[in-house]
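Colleague: Chain residues, written in single-letter form:
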Amino acid sequence: MEIPYTVSARPDTGLYNAKIGIWLFLASEVMLFGGLFSAYVFLRIGAQPGYWPHGLLNVPVGTFNTAVLIASSVTVVLAWASLKMRQFAQYKIWMGITILCGLLFLIVKLTYEWPAKFHHFGVFIKKEALAKYEPYLGNNYLEAKMLPHRVEITGDIEDEAALKDDTAKTYVFKAIDAVNAEPTNPESDRPTFLPRPLVEKKVVIDKADVDYASMFYPRHSAYFSAYFLITGLHGLHVLGGLIVFTYFWLPVGANLYKRNPEHLANRIEVAGLFWHFVDLVWIFVFPLFYLL
Amino acid sequence: METSTAIHSHDPHGPHGHGGHEEHHAPGFWRTYVFSTDHKMIGIQYGITGLCFLFFGFCLMMVMRWQLAYPGQALPFIGKLLANVVRNDGMNAGGVPGVMTADFYNSLGAMHGTIMVFLGIVPVAFAAFGNYVVPLQIGAPDMTFPKINMASFHSFWVGGLIMLVSFFCPTGPAKSGWTSYSPLADLADQSTNVIFNGQTLWILGMVFLITSSLLGAVNFVTTIIQLRAPGMTWMRMPFFCWVQLITAFILLLAFPPLEAASFMQLMDRVFGTSFFLPHGVTLNSHLVNVAGGGSPLLWQHLFWFLAHPEVYVLILPGLGIIAEVLTNNTRRPMWGYKAAVFAALGIGFLSFIVWAHHMYLTGMGAAVSTFFQTTTILISVPSVIILTCLLLSLWGGSIRFTVPMLFATAFLPEFGIGGLTGIPLAFNSTDLYLHDTYYIIAHFHYIVAPGTIFAIFAGVYYWYPKASGRMMNEFWGKVHFWGTMVCMNIVFFPMFLQGMAGMHRRGFDGGATYDLNKPVIHWNTTISHAAWTMGAFQLIFIFNFFWSMKFGKKVGNNPWNSTTLEWSAPSPPPHGNFLEPVAIYRGPYEYSVPGHPVDFIPQCDPQGPRTDAGAHGH
Amino acid sequence: MENEHTHAPDHDTAHHVNKHVKGYLMVGGLLLFCTALTVFLSYVNFGTQKANIVVAMAVATFKAGCVAAIFMHLKSEKWTIYRFLLITAIFATGLFLLTAFAMSDPISLNF
Numbered sequence: 001m002e003i004p005y006t007v008s009a010r011p012d013t014g015l016y017n018a019k020i021g022i023w024l025f026l027a028s029e030v031m032l033f034g035g036l037f038s039a040y041v042f043l044r045i046g047a048q049p050g051y052w053p054h055g056l057l058n059v060p061v062g063t064f065n066t067a068v069l070i071a072s073s074v075t076v077v078l079a080w081a082s083l084k085m086r087q088f089a090q091y092k093i094w095m096g097i098t099i100l101c102g103l104l105f106l107i108v109k110l111t112y113e114w115p116a117k118f119h120h121f122g123v124f125i126k127k128e129a130l131a132k133y134e135p136y137l138g139n140n141y142l143e144a145k146m147l148p149h150r151v152e153i154t155g156d157i158e159d160e161a162a163l164k165d166d167t168a169k170t171y172v173f174k175a176i177d178a179v180n181a182e183p184t185n186p187e188s189d190r191p192t193f194l195p196r197p198l199v200e201k202k203v204v205i206d207k208a209d210v211d212y213a214s215m216f217y218p219r220h221s222a223y224f225s226a227y228f229l230i231t232g233l234h235g236l237h238v239l240g241g242l243i244v245f246t247y248f249w250l251p252v253g254a255n256l257y258k259r260n261p262e263h264l265a266n267r268i269e270v271a272g273l274f275w276h277f278v279d280l281v282w283i284f285v286f287p288l289f290y291l292l
Numbered sequence: 001m002e003t004s005t006a007i008h009s010h011d012p013h014g015p016h017g018h019g020g021h022e023e024h025h026a027p028g029f030w031r032t033y034v035f036s037t038d039h040k041m042i043g044i045q046y047g048i049t050g051l052c053f054l055f056f057g058f059c060l061m062m063v064m065r066w067q068l069a070y071p072g073q074a075l076p077f078i079g080k081l082l083a084n085v086v087r088n089d090g091m092n093a094g095g096v097p098g099v100m101t102a103d104f105y106n107s108l109g110a111m112h113g114t115i116m117v118f119l120g121i122v123p124v125a126f127a128a129f130g131n132y133v134v135p136l137q138i139g140a141p142d143m144t145f146p147k148i149n150m151a152s153f154h155s156f157w158v159g160g161l162i163m164l165v166s167f168f169c170p171t172g173p174a175k176s177g178w179t180s181y182s183p184l185a186d187l188a189d190q191s192t193n194v195i196f197n198g199q200t201l202w203i204l205g206m207v208f209l210i211t212s213s214l215l216g217a218v219n220f221v222t223t224i225i226q227l228r229a230p231g232m233t234w235m236r237m238p239f240f241c242w243v244q245l246i247t248a249f250i251l252l253l254a255f256p257p258l259e260a261a262s263f264m265q266l267m268d269r270v271f272g273t274s275f276f277l278p279h280g281v282t283l284n285s286h287l288v289n290v291a292g293g294g295s296p297l298l299w300q301h302l303f304w305f306l307a308h309p310e311v312y313v314l315i316l317p318g319l320g321i322i323a324e325v326l327t328n329n330t331r332r333p334m335w336g337y338k339a340a341v342f343a344a345l346g347i348g349f350l351s352f353i354v355w356a357h358h359m360y361l362t363g364m365g366a367a368v369s370t371f372f373q374t375t376t377i378l379i380s381v382p383s384v385i386i387l388t389c390l391l392l393s394l395w396g397g398s399i400r401f402t403v404p405m406l407f408a409t410a411f412l413p414e415f416g417i418g419g420l421t422g423i424p425l426a427f428n429s430t431d432l433y434l435h436d437t438y439y440i441i442a443h444f445h446y447i448v449a450p451g452t453i454f455a456i457f458a459g460v461y462y463w464y465p466k467a468s469g470r471m472m473n474e475f476w477g478k479v480h481f482w483g484t485m486v487c488m489n490i491v492f493f494p495m496f497l498q499g500m501a502g503m504h505r506r507g508f509d510g511g512a513t514y515d516l517n518k519p520v521i522h523w524n525t526t527i528s529h530a531a532w533t534m535g536a537f538q539l540i541f542i543f544n545f546f547w548s549m550k551f552g553k554k555v556g557n558n559p560w561n562s563t564t565l566e567w568s569a570p571s572p573p574p575h576g577n578f579l580e581p582v583a584i585y586r587g588p589y590e591y592s593v594p595g596h597p598v599d600f601i602p603q604c605d606p607q608g609p610r611t612d613a614g615a616h617g618h
Numbered sequence: 001m002e003n004e005h006t007h008a009p010d011h012d013t014a015h016h017v018n019k020h021v022k023g024y025l026m027v028g029g030l031l032l033f034c035t036a037l038t039v040f041l042s043y044v045n046f047g048t049q050k051a052n053i054v055v056a057m058a059v060a061t062f063k064a065g066c067v068a069a070i071f072m073h074l075k076s077e078k079w080t081i082y083r084f085l086l087i088t089a090i091f092a093t094g095l096f097l098l099t100a101f102a103m104s105d106p107i108s109l110n111f
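As they're listed, the protein sequences go chains A, B and C.
When we follow the working numbering, the leftmost residue of the first sequence carries the number 1, and every step to the right adds one.
When we follow the working numbering, the leftmost residue of the second sequence carries the number 1, and every step to the right adds one.
When we follow the working numbering, the leftmost residue of the third sequence carries the number 1, and every step to the right adds one.
Don't take every hint at face value.
[Said to hold, decoys possible] Calculated lysine-lysine pairs in the PhoX-like style (CA-CA distance at most 25 Å, straight line):
hint, chain 1, residue 1, chain 2, residue 2
1, A, K258, B, K554
2, A, K201, A, K132
3, A, K126, A, K92
4, A, K169, A, K127
5, A, K207, A, K164
6, A, K145, C, K19
7, B, K478, B, K550
8, A, K174, A, K92
9, A, K92, C, K19
10, C, K22, A, K92
If you are wondering where the hints come from, they were derived from the structure by calculation, not from laboratory data.
I would like the entire structure built from these sequences, with the hints used as guidance.
Modeller: This is how it looks when you write it as structure tokens:
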């Protein structure tokens, strides 16, 4: 006896099996990302002043990636619609574009966004030493303007080995971010849309004045920990979706279409629902990490 | 005496004789026993693997009990063996073979809890029995997603393997409690290898186990919603299927936040993040080189958000099994079926909003404590309703004390003790005193051990003939029961006394350090001896289990004269379960229907009165 | 698959789906516009940080709503699915709110 309702709907629920399955799975995903977003909120609320950075992510690139993902959401639903309308060639086109968009998203993230972070460096200055680094922090100016204080100096480190080397007494920047180079410039008050170029300037920081120093790895701060975890997990979900889409784009899909086109349409609908959820998560990730 | 349940009698041509609508040659060993997508095989896989883990977890406890009864003394015979096998000198304290270190004691405790809960009870009570019985009881040919079902099992044993492998790390296995609290769990097992250490492997194992449960949960819910046979309305579904549905929902929605937290703890350990580490944490008097800014309480909230619903995952399938066995062996319908169903739904819902009663000592204020005390006391109501329904189901019954029935009857007062001793724990004032004492251990073990594990035994003895076509030996089953029953109470009841005296639950030395334990410390030896005796009785069960596969009394479809649908299929059922489509005509427990010549009417029998409800209404 | 028909059930016919294609494209365009809007608004100062967050989340929620209702067909889904999502929403909200409650109400000397 075959398993019923794999393609046709069960009369009393009006649903086929996979649709219930995917929505249940998405419910669990809501709880997963819900837990992560809750953690984000609590970590951000609990962060010491100045220890939750802003403006460290590339907004134009993030916006581009958001647009790419939204576009792929459109194309995947068009792919499904093509199958429902029995236009297989159209399905292959739309699905192909979806896969390319997803790949583009991942490539931008993994070859540009993340590596750009990994090469950047920051030091959090101890409370007692803040006055010493006033030229780079501009806290008097910020105080007068009733803006939150700065405690971090960021830029390009001259020698990364200083982080592991206990005999080294200083961290040396070969370039620092515009915000630290011109801390009293009104341009530095708030993050700008276009990233400002680094200023080539040698800055020496005594290790004794440093509360914590790190490359922009996950360990840098609760902010980056949360950023890399959530975007990493999200990226894995994108990859999973792409694998499924590719599987159905290959001749396997054509064979299933020949045998039972509605079955393929259902599978693409179900995979598409997963993809839309992934897009949905990103819709929240983007403002929470890139903009706010 | 069996009525005509031969509608789906055993086809002499075997599993391939189903209408001959497709020609297929028999799948080989691997497709049949390892990579099977048949829910019955997957159920058996889960069952045997889970029972093995249960026994292993039990053995870990038996070693712990040596240390508690005879602190600092070398464990005879086995101790020398363990001294060579256990890493990090765990059983070689101070160079003396067979003497346990405190670290290893903590590892035993953490792994005993983890293995019993996640590798033992959930796979057996939920996954094994659920997979095997639910599709049969609702009249389905299989689960809705057989391949995902297989993936779920394989994810499970991989997770289990990782947990076992962690015993062989240089650091020894995880030792931060089954609760894995940060900051200790973040920082324990510092090792040159960021992956191959006990605490990190624990997290990785948990990720696989959580994945397994999530995949299984999706399957269970979809199957129960979509594949009920015609006539199987919601209120004609056996109580066992209802609780499996609710358990699946709990797993589906409660596990993911722990998965999120596990990723965070993993990142804390491997990438040096500080999700759960506040500023200024020191390890061995040195400041830990992390950014800080994290929250240990965040771990506790995310952990207990799962772990509290998890305890209902542990008990609900057990309650379902008991309902099946009780109705069958009292020859009368379940009392209050509808009330029990709604109570179970209530438990499912409330279980998500009580978790912080595990955190009364973390400095929560009066308002939030009051909230959680209220919801916790509220959830005792549906629990009592279900137990009352089961108790009242004995009234007026024609009780026959088969082996499953012995376990099922014993379950009732034992679960009662477990549940009632939870009441003081619901209030933060009394919990203030009892938290982290042996009282807690006694409380929850009464629910899981003579509770769920008795239900598991009842289920095994009950459904064994369906899965194998043979009965387990009745005499040795009764010996197993009485031995286990007596020992169980000698093990756990004194723990209430120890806990009320204030004995801490994690004392490596059995409580010897603190004077307040003096009046109750003598119980340690009694408890340990009872535990080891209980272990010996389990050997009887294990032997009976395997011996009966070959030599047990052969039986037909319905040796217990039961009404539920699985007993209308052959023993064991072929691939596809039912040779012809099934239809349901009445509730699940139509026993002793007045006027009917036989004392039971199977659900799918077209002859006989039709009813809407599962219970007559008493 | 003897009892499975290979053509779509009535309310999901090709004709029916075709009508929606234009809608998908329009919503797609709307979402891209809202993305630009979110970015633009994030550089507008609404007074307090809280206000900025509320604005950003409002736009994000609207976008998410469009994706859910139209792309994920939630607008015309069956009640079974709605029930799942309702329970999920309750528990996800509960997780967040109750944890926030616990973290914001610490024990103190004055009850």
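Colleague: Is A/K201 within 25 Å of A/K132, Cα to Cα?
Modeller: holds, 17 Å
Colleague: Assess, step by step, whether the Cα of B/K478 is no farther than 25 Å from the Cα of B/K550, and give holds or violated.
Modeller: holds, 20 Å
Colleague: Please work out if A/K145 and C/K19 have their alpha carbons no farther apart than 25 Å.
Modeller: violated, 55 Å
Colleague: Mind checking the alpha carbons of A/K92 and C/K19 for me, to see if they're no more than 25 Å apart?
Modeller: Within the cut-off at roughly 20 Å; holds.
Colleague: Does the alpha-carbon distance linking A/K207 and A/K164 stay inside the 25 Å limit?
Modeller: With a Cα-Cα distance of about 12 Å, the restraint between A/K207 and A/K164 holds, given a limit of 25 Å.
Colleague: Given the proposed pairing of A/K258 with B/K554, does the C-alpha separation stay at or below 25 Å?
Modeller: violated, 48 Å
Colleague: Hinted pair, alpha-carbon criterion (25 Å max): A/K126, A/K92. Please report holds or violated.
Modeller: violated, 58 Å
Colleague: Is it true that the CA of A/K174 sits at most 25 Å from the CA of A/K92?
Modeller: Violated, at roughly 50 Å.
Colleague: Is the hinted pair C/K22 and A/K92 satisfied, with a Cα-Cα distance of at most 25 Å?
Modeller: Given that 25 Å is the threshold and the Cα spacing comes to 19 Å, the pair holds.
Colleague: For A/K169 and A/K127, compute the direct alpha-carbon distance and say whether it is at most 25 Å.
Modeller: It holds: about 19 Å lies between the C-alpha atoms, which stays within 25 Å.
Consistency with the previously given hints fails for numbers 1, 3, 6 and 8, ordered from lowest to highest.
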